[in-house]
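Chains as they are written, first to last, in this note's numbering: chain A, 1300 to 1500; chain B, 1300 to 1500.
In short, the hints are calculated from the structure, not lab data.
All values derive from a computational prediction rather than experimental measurement.
A few of these clues could be false.
Repeated chains share a single entry, so a pair holds when one copy, or any two copies, can fit it.
What the hints assert, rightly or not - Straight-line Cα separation of at most 25 Å, DMTMM-like style, residue types lysine to aspartate or glutamate; simulated pairs: (1) K1323 x E1339; (2) K1305 x E1432; (3) K1389 x D1365; (4) K1437 x D1479; (5) K1458 x E1395; (6) K1322 x E1339; (7) K1305 x E1339; (8) K1437 x D1484.
2 protein chains.
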Amino acid sequence: MNLSSKLLEDTVNAFSRLPGIGKKTALRLALHLLQTNTDEVADFCEAIIKMKENIQFCQHCHNISDDTSCTICLSPKRNQSIICVVEGIKEIMAIENTGQFNGLYHVLGGIISPIEGIGPESLNIDSLVRRIESGRVKELIMAISPTIEGDTTIFYISKQLQDQNVNISTIARGVSFGGDLEYADEFTLGRSIVSRVKYDQ
Amino acid sequence: MNLSSKLLEDTVNAFSRLPGIGKKTALRLALHLLQTNTDEVADFCEAIIKMKENIQFCQHCHNISDDTSCTICLSPKRNQSIICVVEGIKEIMAIENTGQFNGLYHVLGGIISPIEGIGPESLNIDSLVRRIESGRVKELIMAISPTIEGDTTIFYISKQLQDQNVNISTIARGVSFGGDLEYADEFTLGRSIVSRVKYDQ
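Make the full structure from the sequences, and use the hints.
Structure below.
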């Protein structure tokens, strides 16, 4: 793209390094900021810098937090005896939005993937084991992606916890709500038949 | 969306004020910056702030520029006797990318639109008239959107210049290259028949 300004070009390049933002979108965003008043642009940058400088990770569950402990871990309304294990922060937000879970979380920071060189030691598994060893947790819900890597991770964690008195469950896998059976892949459909549940009104 | 961090929330809100960026995309971008190293994030913000503080508009054509005159106006390779009149900066980029135009530009900064309260006095029309009055310009190409507002703007400018010795042309309007006649709207198709051109190989 032929831009007559180096300053504009730098901003376009900066935006296009973000995920899912191509050159054309980056240009649109840069031109928008160019037409926005200076105070708003300063606020935009300040929000990013402040977040980057001050955000912390919760010492208990590794969720993002404005303090050393996150609001979920500190809440007295939360059920302290159930922990939902997730890959990342986004999954916490997704589960929170369902309003169906009232326990605590534990962020692994990824899943075991030998191809990408991610071993158990680079995940927050030790701290999870310590939380279970404290004895207050009765159930661990594994909300991990239904992939080979996800299953490996669940298997590894369950091995680490086999001497502990804790129930481990995984989230249900099956046909999506509102989904069409015709288009469900055979693996998902097969599994949803094998793990069928009793019908009750 | 339930975010456990005010700092993250501020950044998500900042991103979602940009055009075409919804809450979900804003969250993805904010989380991406959270995982990017601090130097890169600082570079990102610096590029924006620098652009905002230092960018100027060319004194001749009102294109964006790093200096008081833009690189196009200053280039000795450009044909100084043709000016292409455009609505905004984006149109200059689009025309430059075609590689079919070697003259100068003039950015109006919009088109006449009574509904949006944009009159001729809020556009860069006076400076265009002065450029023509200097006598060096032989042709004016109107590359303005083919809308009622666009046509009004072209008509207004041509009225202002009726005493000047300058040829005014508009870019060709017709069926798009690669377009299907079946799907062209009747107005465009009708106009492309009326303004048919002689076939030569």
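- prompt: So which of the earlier hints does this model not fit?
  reply: 2, 4, 5, 8
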